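For the record, the sequence lines run as chains A and B.
Counting along the first sequence from 1, when you hit position 48 you're at 48 in the working numbering, and nothing is skipped either side.
The number in the working numbering is simply the position in the second sequence, starting from 1, with 1000 added.
It should be emphasised that the hints constitute simulated quantities derived from the structure, not laboratory data.
As the structure is a prediction and not an experimental result, all values here were calculated from the model.
Glycine included, C-beta positions come from ideal geometry on N, C-alpha and C.
No false leads were mixed into what you were given.
Interface residues of chain A toward chain B, partial, derived using beta-carbon atoms under 8 Å:
1) Q42
2) G43
3) L44
4) L46
5) K49
6) F90
7) N101
8) K102
9) L103
10) F105
11) G106
12) A107
13) G108
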Amino acid sequence: AQSVTQLDSQVPVFEEAPVELRCNYSSSVSVYLFWYVQYPNQGLQLLLKYLSGSTLVESINGFEAEFNKSQTSFHLRKPSVHISDTAEYFCAVSEGSGGYNKLIFGAGTRLAVHP
Amino acid sequence: GAVVSQHPSRVICKSGTSVKIECRSLDFQATTMFWYRQFPKQSLMLMATSNEGSKATYEQGVEKDKFLINHASLTLSTLTVTSAHPEDSSFYICSASQPGQGLRDTQYFGPGTRLTVL
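So that you can see chain A by itself, here it is in the shape it has in the complex (with noise of 0.2 Å):
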């Protein structure tokens, strides 16, 4: 079964400062990776995902995340952050199990962002 680990449960930043959240799964043959932030008291929301080609991935946002096959990463990076992105973030990976596709999710980040 694969397995998501998200390092850093917390990660405190000043604002407009650089950031990075870490993620690493477990090998498999194909690999599909998610990026999911979830706002206080909402629903998740798909930040951006690696489903194939390139390896680096954009959001709309200014975040992006590089699948690294020999590292087994996919760690997000925004280069100056804002108050607003200030939230709950979570890697997943997609697994295939009994006919059905499933969601692997890591134990999540907390972006705090600070002025």
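Given the coordinates of chain A, assemble chain B onto it according to the supplied hints.
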């Protein structure tokens, strides 16, 4: 596109009663819907996967008689928490996927339902 709604957003009920939560895909047909449970400051735990017109597949440790799932149409799935107890208090989130891409399917999540059992 790809909007998923949940109703209600919050519910408070007495111990022993049953609560129904609805999950709807508003602008696409979702053959598969998922139900998750999230405890405070924790990740999402998959409870069950439901396909339209068939029985749900429950994850290990999830009581199927307590958490009844019905996926009656391509746009609606319901989760009923039967005989709720305080330990069932949690944040319940559903998701729906657009069919056709296998493991590449993207799941779109609803806003969640906060259940509090007194």
